[in-house]
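Sequences and hints are given; from them, build the entire structure.
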Amino acid sequence: MQRYILRRLLQGAVLLFVLAIVIFALARVTGNPADLLLPEDATREDRADLLRTLGLDRPVHEQLVVFLSGAVRGDLGQSIRYRKPAVEVFFERLPNTLTLVPLSLIAAILVSVPLGVLAAVHRGTLIDRCCGAVAVLGIATPPFWLGIVLIYVFSIQLGWLPSARMGGPSHYVLPVVTLSAFLVAGMMRLVRSSMLEVLDSEFVKLARIKGLSQTVVVWKHCLRNALIPVVTLFGVFFALLVTGAIVTETVFAWPGVGRLTYEAVIFRDYPLLQAVILLKGVIVLGVNLAVDVLYAYLDPRVRYA
Amino acid sequence: MLIRLRVLVGSALWLLVAAFPHLATAADTDTLIIALDTLGAQVMDPILDTRAPHAHYQAPIWDSLVGFDLEKGGIGPGAAERWERGADGKSWTFFLRKGQRFHNGDPVTAHDVKFSLERIMLPESLSSGAAALRRAVDRIEVLDDLTVRIHTKGVIPHFAASLSRAVFMEGTVMPKSYIEKVGAKTFRDKPVGSGPWKFVRNVPGDRIEYEAVDYPHWRGTPQFKRMTLLLVPEQSTRLAMVRTGEASIASIGPEALKEVRAGGMKVVTVPGTMQAVYQFWGLYRPEVKGSPLNDVRVREALSLAIDRQQIIDHVMLGEARMPLPFTVYRYSIDVTIPRWEDWSKTALRYDLPRAKKLLAEAGHANGFRLTFWNTALPGTPFMVQIGEAVAGFWEKLGVKVEMKGVEWGVFDPMSRGEQKGLVGTASMYRTAGRPEPSPRYITTLNSKGVQHLFGEPDNCPALCQESDKAYEAVVSERDDAKRLAATNRMLDVAAKSWIVVPIVEGMGYWAINPKRVGFFKPIPGRHEFGDVAERMPRPEQRPWP
Numbered sequence: 155m156q157r158y159i160l161r162r163l164l165q166g167a168v169l170l171f172v173l174a175i176v177i178f179a180l181a182r183v184t185g186n187p188a189d190l191l192l193p194e195d196a197t198r199e200d201r202a203d204l205l206r207t208l209g210l211d212r213p214v215h216e217q218l219v220v221f222l223s224g225a226v227r228g229d230l231g232q233s234i235r236y237r238k239p240a241v242e243v244f245f246e247r248l249p250n251t252l253t254l255v256p257l258s259l260i261a262a263i264l265v266s267v268p269l270g271v272l273a274a275v276h277r278g279t280l281i282d283r284c285c286g287a288v289a290v291l292g293i294a295t296p297p298f299w300l301g302i303v304l305i306y307v308f309s310i311q312l313g314w315l316p317s318a319r320m321g322g323p324s325h326y327v328l329p330v331v332t333l334s335a336f337l338v339a340g341m342m343r344l345v346r347s348s349m350l351e352v353l354d355s356e357f358v359k360l361a362r363i364k365g366l367s368q369t370v371v372v373w374k375h376c377l378r379n380a381l382i383p384v385v386t387l388f389g390v391f392f393a394l395l396v397t398g399a400i401v402t403e404t405v406f407a408w409p410g411v412g413r414l415t416y417e418a419v420i421f422r423d424y425p426l427l428q429a430v431i432l433l434k435g436v437i438v439l440g441v442n443l444a445v446d447v448l449y450a451y452l453d454p455r456v457r458y459a
Numbered sequence: 020m021l022i023r024l025r026v027l028v029g030s031a032l033w034l035l036v037a038a039f040p041h042l043a044t045a046a047d048t049d050t051l052i053i054a055l056d057t058l059g060a061q062v063m064d065p066i067l068d069t070r071a072p073h074a075h076y077q078a079p080i081w082d083s084l085v086g087f088d089l090e091k092g093g094i095g096p097g098a099a100e101r102w103e104r105g106a107d108g109k110s111w112t113f114f115l116r117k118g119q120r121f122h123n124g125d126p127v128t129a130h131d132v133k134f135s136l137e138r139i140m141l142p143e144s145l146s147s148g149a150a151a152l153r154r155a156v157d158r159i160e161v162l163d164d165l166t167v168r169i170h171t172k173g174v175i176p177h178f179a180a181s182l183s184r185a186v187f188m189e190g191t192v193m194p195k196s197y198i199e200k201v202g203a204k205t206f207r208d209k210p211v212g213s214g215p216w217k218f219v220r221n222v223p224g225d226r227i228e229y230e231a232v233d234y235p236h237w238r239g240t241p242q243f244k245r246m247t248l249l250l251v252p253e254q255s256t257r258l259a260m261v262r263t264g265e266a267s268i269a270s271i272g273p274e275a276l277k278e279v280r281a282g283g284m285k286v287v288t289v290p291g292t293m294q295a296v297y298q299f300w301g302l303y304r305p306e307v308k309g310s311p312l313n314d315v316r317v318r319e320a321l322s323l324a325i326d327r328q329q330i331i332d333h334v335m336l337g338e339a340r341m342p343l344p345f346t347v348y349r350y351s352i353d354v355t356i357p358r359w360e361d362w363s364k365t366a367l368r369y370d371l372p373r374a375k376k377l378l379a380e381a382g383h384a385n386g387f388r389l390t391f392w393n394t395a396l397p398g399t400p401f402m403v404q405i406g407e408a409v410a411g412f413w414e415k416l417g418v419k420v421e422m423k424g425v426e427w428g429v430f431d432p433m434s435r436g437e438q439k440g441l442v443g444t445a446s447m448y449r450t451a452g453r454p455e456p457s458p459r460y461i462t463t464l465n466s467k468g469v470q471h472l473f474g475e476p477d478n479c480p481a482l483c484q485e486s487d488k489a490y491e492a493v494v495s496e497r498d499d500a501k502r503l504a505a506t507n508r509m510l511d512v513a514a515k516s517w518i519v520v521p522i523v524e525g526m527g528y529w530a531i532n533p534k535r536v537g538f539f540k541p542i543p544g545r546h547e548f549g550d551v552a553e554r555m556p557r558p559e560q561r562p563w564p
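Protein sequence lines, in the order shown, are assigned to chains Y and D. In this note's numbering, each residue's number is its place in the first sequence (first place is 1) plus 154. In this note's numbering, each residue's number is its place in the second sequence (first place is 1) plus 19.
None of these hints come from the bench; they were simulated from the model. These numbers were taken from a predicted model, which means no experiment stands behind them. Even glycine gets a Cβ: it sits at the ideal position worked out from N, Cα and C. One or more hints might be untrue.
Pair by pair, the computed Cβ-Cβ distance ranges are [to be verified]: (1) 439/D x 252/Y: 42 to 52 Å; (2) 298/Y x 424/D: 14 to 24 Å; (3) 563/D x 314/Y: 24 to 34 Å; (4) 48/D x 386/Y: 20 to 30 Å.
Here you go:
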């Protein structure tokens with residue numbers, strides 16, 4: 155087991171190294187932060203001075219070496235925009251996203267699991283088709299639009315909930331619904347197909363022969379087995395939410411890492427962009443590793459493969 | 020079954036409890052809440068942010084050496100109640116108001132002004148005009164506690180204007196003793212200024228909170244006890260917040276005006292915040308010598324083909340004005356405004372038959388191909404729609420427009436240096452409102468300027484030479500009356516070239532909840548409200564008409 159974890163850690167380190175080089179190159183493709191900071195009447199000399207101040211006057215390969223050597227020590231440079239260590243800026247915002255993500259995951263599970271089970275149990279019926287329609291709607295609805303519609307209905311028209319921003323529990327309702335909506339569809343289809351497989355298995359037939367009620371068979375015996383693939387994909391869902399929260403965070407003025415990524419891109423804040431993507435990479439790799447280790451623990455075939 | 024019931028009841032209770040904090044927030048009438056699309060770098064140090072964000076969130080805390088003309092726009096008294104230019108034109112003496120103090124109780128003195136200007140000019144300073152100030156200032160002399168003299172490296176007729184937030188932020192007065200005592204880092208964490216609002220809290224990516232000073236302030240004593248600036252990037256959300264009362268005011272674009280009015284909100288427009296222009300790049304270069312654009316009749320025809328009133332009515336929903344010449348506003352100094360208002364009415368008219376005739380005379384009756392870069396500078400996304408409308412009018416004239424939509428961060432580097440991709444093409448551009456035309460003129464048209472649309476020092480044709488000469492005549496003139504005439508001449512050169520052509524004079528737009536804030540007037544030309552909030556009344560003090 156230890157060798158398995160070590161191997162995965164080494165793979166992760168290589169992946170992060172490649173990621174670091176790719177981000178470093180991509181961040182520089184579309185422009186320069188100096189041009190966005192300078193006023194309209196700045197001269198060429200002003201631009202050169204600012205590039206020097208920002209440390210961007212050095213050759214690119216030198217900048218790469220500085221970045222990589224710093225990254226190894228945990229120093230991802232100073233944000234050009236915020237004039238603070240990029241790592242510090244990231245960790246200031248991360249808790250805000252992390253309060254949203256687990257709630258969204260729970261909300262998605264609370265909706266998708268019952269729907270998936272219902273669809274499987276009533277396969278081919280109107281209920282199944284309705285659940286399918288919910289799935290299609292969830293996939294087809296842009297989170298941006300959904301967020302605005304929810305604000306219109308629940309904040310403007312009904313006045314029940316605040317429109318945006320972090321705050322008390324009521325502030326979480328609309329962003330959580332918006333963020334979880336696009337997960338519901340995928341999760342529901344997964345639960346449905348998994349349930350269909352389990353419903354056809356021998357032990358379910360045996361349970362029925364024994365006279366157990368439909369409720370107990372479905373919700374106790376079948377669901378428990380059907381949820382295994384869903385749990386396995388938790389790492390993927392978590393990563394999707396952490397990296398995909400940009401739109402939701404923008405609509406609801408939520409100061410999380412999604413919006414920070416957007417700001418870093420728009421302002422060509424190279425160090426911040428590099429830090430945000432690299433640290434998100436670390437989080438995604440970490441969560442996936444945890445899920446894989448758990449899976450390997452549960453299923454020895456994985457760790458010996 | 021029991022578990023499911025518990026979950027349901029629990030959820031219902033949670034939602035019920037959750038509603039209370041929201042209602043409590045909405046009921047707070049002592050706090051002025053302004054929702055903004057950007058808070059810039061959100062760093063509480065005037066040397067670490069640029070012009071517009073500074074005027075949003077740093078202006079409430081810090082005063083500026085030179086202030087505003089609150090009625091007309093442009094410059095007026097600030098922390099300095101008056102100033103004088105030296106006889107040689109190379110020194111400026113500023114006389115500070117008596118009795119000013121920082122929030123920690125220290126008096127505001129000439130030493131603070133000297134310290135602040137020197138701090139703004141530090142190499143690590145990112146403020147917009149720091150480089151220009153470094154080029155301009157020779158030395159700073161404290162004459163007494165309330166008098167400071169700045170010696171410039173040459174004659175700079177509008178030096179005082181560059182120390183006003185009407186133009187830049189370099190006149191910001193910071194507390195010398197406090198910064199020297201606590202250091203820059205603590206100053207950023209616990210900033211102290213002399214403005215009408217004291218710093219309370221900065222939550223990155225979310226908000227900045229302020230508290231009103233409890234003594235009369237020369238800029239106006241705030242009528243609200245507290246102020247919060249919220250960062251809400253999405254316009255629909257900002258509008259929803261104003262409508263529900265979660266915010267008193269929100270920044271908007273012209274496309275939201277209908278929705279604002281339909282929702283029972285008020286609109287405040289700030290005149291003269293920007294001028295949308297289109298301009299032609301590198302026409303003096305040998306490789307585009309044969310371009311149709313090198314015929315002034317073609318360039319004039321392109322302007323005559325644009326129905327500016329249609330753009331004002333349909334793109335800007337009526338909240339924009341016919342422009343004056345390039346970089347001139349109704350509050351501009353050294354300019355004969357009535358003369359240029361007349362010019363605007365005739366020269367910028369919509370006259371498609373005349374445009375077609377001019378094009379035919381130039382030998383392009385069947386049109387020609389034109390590459391047009393459509394871009395929007397930060398804060399004015401509606402420039403893209405204006406660009407689309409312009410391209411449509413040109414198509415109507417018979418010009419085949421190849422429109423290239425490009426994000427500003429990509430376009431801006433192209434416009435500096437060799438401008439290889441731009442030579443022989445047109446683009447959208449913008450000039451931000453400022454009272455003196457000459458700094459923007461040099462940037463765009465002078466051979467030593469960044470954009471140098473007329474030529475470069477080693478390739479400066481007749482128009483370029485004439486323009487450079489006209490500019491020099493303005494900036495070297497110490498006599499006000501003669502400088503007025505010289506400025507009009509300089510503007511004439513630009514106007515007749517049809518190389519940089521104004522489309523509309525844009526405005527700043529704000530949605531207001533009339534139940535949360537009373538009627539107030541903005542400062543013409545200054546989009547941001549950092550210097551306005553202290554004069555905003557409560558709704559019961561001055562209801563909206």
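So, going through the hints one by one against the coordinates:
1. Here the CB-CB span from residue 439/D to residue 252/Y is close to 46 Å, well matched to the stated 42 to 52 Å.
2. For residue 298/Y and residue 424/D, the Cβ-Cβ distance of about 20 Å falls inside the hinted range of 14 to 24 Å, so the restraint holds.
3. Between residue 563/D and residue 314/Y, the C-beta spacing of about 28 Å keeps the proposed range 24 to 34 Å intact.
4. Remark: the range hint 20 to 30 Å for residue 48/D to residue 386/Y is contradicted by a beta-carbon distance near 53 Å.
Hint 4 from the list above is the single one not met by this structure.
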